[in-house]
Amino acid sequence: TDSAGQLRSAGAWPGAVAPGTPGVEQAPVELLQRVQVLETELRTIQQQAVDIGQSSPSNDALAQHPQFNDYMRNMRAFSPKVRAAAKDMEKAVQRATGKKPKRRPPKEPSLQSVPGFDLPRARKGVRAELRRDNRPFRQQAMDAIPRFREGQLGMTDKQQDLQRLMASRDWPSKDWPISTHDAKLVGAAEAALQQELEKLNDLLRPVGGLPGLPESGDNALLEQLVLLTRMIAGYIEVVDRNLAAVRRALASERKAKKKRKAERPAPAASPTTGAGGAGDSLRERLLNFGAPPATSGGQPFAWLREPGAPAAAAPG
209 TDSAGQLRSA GAWPGAVAPG TPGVEQAPVE LLQRVQVLET ELRTIQQQAV DIGQSSPSND
269 ALAQHPQFND YMRNMRAFSP KVRAAAKDME KAVQRATGKK PKRRPPKEPS LQSVPGFDLP
329 RARKGVRAEL RRDNRPFRQQ AMDAIPRFRE GQLGMTDKQQ DLQRLMASRD WPSKDWPIST
389 HDAKLVGAAE AALQQELEKL NDLLRPVGGL PGLPESGDNA LLEQLVLLTR MIAGYIEVVD
449 RNLAAVRRAL ASERKAKKKR KAERPAPAAS PTTGAGGAGD SLRERLLNFG APPATSGGQP
509 FAWLREPGAP AAAAPG
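The numbering used here applies: residue 209 is where the sequence shown begins, and numbers increase by one.
The set of hints was computed from the structure by calculation and includes no laboratory data.
Possibly wrong hints are sitting among the right ones.
Claimed, not checked - Here are the simulated DSSO-like cross-link-like pairs (lysine-lysine), alpha carbons at most 27 angstroms apart as the crow flies:
hint : residue 1 : residue 2
1    : 299       : 289
2    : 366       : 299
3    : 407       : 366
4    : 332       : 407
5    : 366       : 392
6    : 392       : 407
Can you build the whole structure from these sequences, using the hints too?
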């Protein structure tokens, strides 16, 4: 929620109106100070992330950076403080306006927000990463090819997982868990991937395909391959979000069915006939399996025999 904006509009933000203005309960000054401290902390954490990214030669090296663990600790400590401050801001809005704070509608992600699909920015990042890599071109290419192949296999697996879940039941339109925007985002990502893949194929033809990349020395070709690998990773993230939505919907449906089944009254036990007695159920007969019969002269397990079968002779 834009709690700060709503407090300013109501004249309840400290300093927005003169203290003691009738009818306006200003938010505590301490709350304003907490928000200012959090803004400073956020800028520090963001700068730390930039420093780690710029000094890491590759994505694999990020986790080995000496500041990485400190950055993760800062992030974990920062999140609960932000949530607590947000709750306090919402309470201040309600006290000042007498209404619950207005919530912003969730912002639908754009294709450019998917990692690797903001192409100018992604290309710039790929070039910077390749410049920082001091290994020979052949070694860089030999490392990039299996990553690209692995990404292709992962993308196919995720697509098949989603198709399998979608086909697992006949979804009514009202229960369909993937929004129109999500579906369009997947389609737009696939179209962008196809376009960049065609560019890669055009660059690969003169060198004989991927096997010829290590000996080609073609930096533009290597750059395109690494870019596509990043785009595939971003596409997998999008499909993963849709997979999670479908799985949540299926789990909710199973839970609802289980609850309805538990609330359904159990059918009354029907009387059965046989040697165990007219009122005995099959369960009771099984529990008493092999026990001496209540009536004298009977044989154990007599209820298992077909009507008219001869009784077994007693051991002599």
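Outcome of the hint check:
1. 299 <-> 289: holds, 16 angstroms
2. 366 <-> 299: The hint is violated at about 43 angstroms.
3. 407 <-> 366: Between residue 407 and residue 366 the Cα gap is close to 24 angstroms, so the pair holds against 27 angstroms.
4. 332 <-> 407: Given that 27 angstroms is the threshold and the Cα spacing comes to 17 angstroms, the pair holds.
5. 366 <-> 392: holds, 17 angstroms
6. 392 <-> 407: Cα-Cα ~23 angstroms, so holds.
Of the numbered hints given earlier, the model fails hint 2 alone.
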